[in-house]
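Here the protein sequences line up with chains A and B, keeping their order.
The opening residue of the first sequence carries number 1 in the UniProt record's numbering; numbering runs sequentially from there.
The opening residue of the second sequence carries number 1 in the UniProt record's numbering; numbering runs sequentially from there.
Hints are computed from structural coordinates only; laboratory data are not their basis.
Every value quoted in this text rests on a predicted model; they were computed, and no experiment measured them.
It is possible that some hints are incorrect.
Copies of the same chain look alike in the list, so a pair counts if it works inside one copy or between any two.
Derived SDA-like pairs: lysine to any residue, alpha-carbon spacing no greater than 20 Å straight-line [unchecked claim]:
| hint | residue 1 | residue 2 |
| --- | --- | --- |
| 1 | Lys517 | Tyr403 |
| 2 | Lys650 | Glu114 |
| 3 | Lys650 | Pro492 |
| 4 | Lys609 | Gly627 |
| 5 | Lys569 | Ile546 |
| 6 | Lys609 | Ser628 |
| 7 | Lys29 | His151 |
| 8 | Lys650 | Gln98 |
| 9 | Lys609 | Glu629 |
| 10 | Lys313 | Lys396 |
| 11 | Lys650 | Glu332 |
| 12 | Lys58 | Leu301 |
| 13 | Lys600 | Ser628 |
| 14 | Lys650 | Trp102 |
Here's the letter readout for the chains.
There are 2 protein chains.
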Amino acid sequence: MVAAPSKPQTLETLCINSIRFLSIDAVEKAKSGHPGLPMGAAPMAFVLFDQFLKFNPKNPKWVDRDRFVLSAGHGCMLQYSLLHLTGYDSVTIEDIKQFRQWGSSTPGHPENFETDGVEVTTGPLGQGVGNAVGLAIAEAHLAARFNKPGHNIVDHYTYVILGDGCNMEGIASEAASLGGHLKLGKLIMMYDSNSISIDGSTDLAFTEDVGKRYEAYGWHVVKVADGNEDLDAIAKALAEAKSVTDKPSLIVVTTTIGYGSPKKAGTAGVHGAALGGDEVAATRANLGWEYEPFDVPADALSRFRQAIDKGAKAEAEWNERFAAYEKAYPAEAAEFKRIMAGELPEGWEKALEPVAQKETSTRLLSEACLNALSPVLPEFLGGSADLAHSNMTYVKGLADFQYGSYEGRNFRFGVREHGMGAIMNGMALHGGTIPYGATFLVFADYMRGAMRLSALAEIGALYILTHDSVMLGEDGPTHQPVETIASLRVIPNSLTIRPADANETVAAYQVAIANRKRPSFLAFTRQNVKNLAGTSIEGAKKGGYIVVDAPNPELIIIATGSELALAVKAAEILAAEGKAVRVVSMPSQELYNEQSDEYKESVLPVSVKKRVSVEAGSTFGWHKYVGSEGAVIGMDTFGASAPGPVVYEKFGFTVDNVVATSRKVLG
Amino acid sequence: MVAAPSKPQTLETLCINSIRFLSIDAVEKAKSGHPGLPMGAAPMAFVLFDQFLKFNPKNPKWVDRDRFVLSAGHGCMLQYSLLHLTGYDSVTIEDIKQFRQWGSSTPGHPENFETDGVEVTTGPLGQGVGNAVGLAIAEAHLAARFNKPGHNIVDHYTYVILGDGCNMEGIASEAASLGGHLKLGKLIMMYDSNSISIDGSTDLAFTEDVGKRYEAYGWHVVKVADGNEDLDAIAKALAEAKSVTDKPSLIVVTTTIGYGSPKKAGTAGVHGAALGGDEVAATRANLGWEYEPFDVPADALSRFRQAIDKGAKAEAEWNERFAAYEKAYPAEAAEFKRIMAGELPEGWEKALEPVAQKETSTRLLSEACLNALSPVLPEFLGGSADLAHSNMTYVKGLADFQYGSYEGRNFRFGVREHGMGAIMNGMALHGGTIPYGATFLVFADYMRGAMRLSALAEIGALYILTHDSVMLGEDGPTHQPVETIASLRVIPNSLTIRPADANETVAAYQVAIANRKRPSFLAFTRQNVKNLAGTSIEGAKKGGYIVVDAPNPELIIIATGSELALAVKAAEILAAEGKAVRVVSMPSQELYNEQSDEYKESVLPVSVKKRVSVEAGSTFGWHKYVGSEGAVIGMDTFGASAPGPVVYEKFGFTVDNVVATSRKVLG
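Isolated chain A, as found in the complex (with noise of 0.2 Å):
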């Protein structure tokens, strides 16, 4: 039991507890969620929102803004007690009392998309921690990118809280091994480490020196031995992390889980369930807390409160400084707002036609698409995963994104797919970047928790998943993807795209850049793909469209990227044996969903039954669009290694196979 506090209640202690109350009480109250972490994670906290963080509650969207990152997103609670005691209108005190319940703005983890002053969406363990070196990357790029001399218009902080979990996440440590490397100085987390995970006791799993491995990493380490109690060390570190301006930092700060609960503080029992009635008031008994359930006292809230003239008055102030920018410099301005807005400049999408014209892998054609939008999309910037000379994502002419050269826009992510994801998830979201990520199809598998979150948070980040069949080759079956492409299909909110040449890959940047609010998966192949006289970039953004036709089609078969120059061909076949034959290309079902009703029944007509689809992949998901009297042509069992050709041969991706198939559904 940790004992009831000796020292007078000061306004600071006050706040702190009022902090710690809202959570407990909300989380008694929905009789659900975790109220350890706002208990012990609240001193840190204060210190953060009242001495650091700068923030306007009543315009969360101001442009600079710190950013705050709860990675230990099941400690939610902290959060929304912080949005609505320092005013922000997106938590009111109904809202807390509706923690966890259905179309509340207080849902059981932190959501960007549902409740302004969120930032991020957390809850995946060390999801933050990738998100906020997102965020940083994104602020050292537009500052480098904005600002002038006697101009800093860019100029804020990313802060995090982390726990845990989070540190014993694998993408943290490939977040954190890339933040050291590029020195983002004004990244600081603060570790709240108390020694107790779900299952209880670090002792049991996680034992080793957190603060030498972010050391090993390049960061600055704190320590804070009480945070507790120790509100100035908790602000001495804060202020030392931010005088090291060339590496980020870590604060790792020792506190209590539940910390005030008597029979529950430092246990795993606060963890993740409610205290209990009885608990609940022992607490309050312990910490001296008189007030009923969500009830703030007024001196505590009226010292959160000043966050708002706070707020207010650092926006003015930063208005009044952009405004001289506006003046001196008229375009950066005007760039830098449509940025920030999300906007796309006019025409943008006009660039892109020229790459039609080529003829190449669709790889090579989507690093065409790269280097065609780099000059008129400047906020389109990203790289691969160690693998830029694979995935075709190098933009020549472009400086690398590095220390010293923030302004580059050749992201160097490292063998960290994972973390590249979740970079991506945070640069997209602190706005002015729409970031891209390649690695090799089949990684995607790598990197999935973060492209569910991207698809989840509403986020336009585009992957580009190269080698994306068999047609691999010796690589192997480790580096074959199969399933993969249905594996993605499968994500809500998101698009896969697999063009079958110059036009659908165009087409597919086209979508891909203009879906702002969910990600695209852009599959692209090794080899090299004709293209065809039938594709075209309007009726591949349409999904599924018709490539080759016949009056009165008897039989359909519909196909996808490096597949359809098979389709085609085993329709030119099958036509000269007199049969009607129609190939529909469904570069992306997900498009070809979203279309009428009419449109479908133009494409795929109820009456023609006969169908027949090729893919060089899983064939789980096809039968939607086969019906029960086609047949599927793809591969259910992994690939092999041996040249490409040879391989997609042996697994049945032949015209013959496409012709014998169709023959035998036509009966």
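Based on these hints, arrange chain B on the given structure of chain A.
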């Protein structure tokens, strides 16, 4: 350029160059592969295989062999060269000439299921580190379980060669942190630190102090300054690593990638592409290599082939020791032989039957299965990624697996899902254990890279995935699986099983344990379920079966897991209206797909075209079973935070909706 070696060619150098040139020549012939690592890491690999590694080339499966893992799997020619040179039958010189060709035993990355002598399947970076931690865990566990005073029958090391790429991956961080925590003294990793990854210098993205990071994890770290030439230093480092018994060891070996190539050594150009004819010739000249492609000097071969006698002798000695053990401890010896042969004890599945009488959530039924299996399958062991008391995976009465209690069977993986998966893969491939690992279903996304390898590498690991739908409730969409089940069904050579009640949970475990060559992904509810009248263990093992029937059914409702209860109730209502309705439970599409056509026709007759599927998840993939005239009930959006029953109802998982949809389908 690296200067030609000035010192005389020793036999050791001849051996090392034999590895290098077999690798160079094989990659050159295939015009595909990664020569850089074999050329740089040949010295350390030679010292390891020559002086330290305990193995018998003529019996690659000898149970007490040391395990060798090439985590940097792209450098597989290093391993194939060693397997050939030391006399394994699995890799002949012809096989090396067939590197990366269809049907060869020398695929583009090491595959345990293709090539004897390859312990685990690597290539996807970082996995090998997790596998190695698993191999070392299995050794430690079996040693603790079986060794007796004077009888060390389990006593071998796990050696790893890994590269920069592995060390950038989060999965390796997770596994290394746990390996340090567990003080796995018999795990020794050699880090081929060549400062080059595919995109170029590690200065681009990876400038951390790796040795210091491993020290932070609790590892013993040794450095070898000149890994190109200083064989003594390598041997000394290995000896030192072996002498430290309470910590795993990392030997940081500084090398030159592509050592010996005048133009390409030390560059990314030699990482993943053939040297090219001119550079091969220049490398031959530079290293004084006078032999034709694929020729191995007789002196070198004879030195390598000493491994055959040495291995035979080592195994013979062990056989003697085992015979003595068998005499002293016949029961233990028989048990050891059984589990190392991967045989299940007679009648083990009967232990599960009493669980069929219980009625609760399927996660608690899963717990009952774990407890029931625990005494009859002593090789069955595992744990959770810090969610033991949510996943219900802690088996009472068993000790924790920790340093000092390696005989324990309750594992504490920490919040390290991806590491957990890779560790399970290593444990299983070691032999003697059947591992399980648990987390929330939605976090399968975090470990999908390892799950795919379980499937590809034919590993019968059990993934226990609880909280299997939006019914998990308040935690919200970050924690609610929607698309996860579908995303797992697409993985080849795996089983996804979502049982509806006690009978089906028993069936799920019977199937999962019996399937020793493919992983099972078991999805369990958080909430209570009712046992349903029509379910059966035998039926569920067929993947899909009739639970409610009517003569000449006009409608079939297909459901899985918790939604089977909705289907059964809907059928009752429809039957009361005079409709002939069949209900099919389909806990596993994969198992159902494997049934005979006759059986499938008996369950889902082609003639009954009116069908409805119900599953609280993505509808993706269900059209295969409901056909063109059917309807799918599911959800293709993310969930929301609220109490489970509220979310469930809001998304349409109600008897009313099933009835209404059925009526619509019936027309």
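Original post:
Can you give the numbers of the hints that this structure goes against, from lowest to highest?
Top reply: 1, 7, 10 and 11
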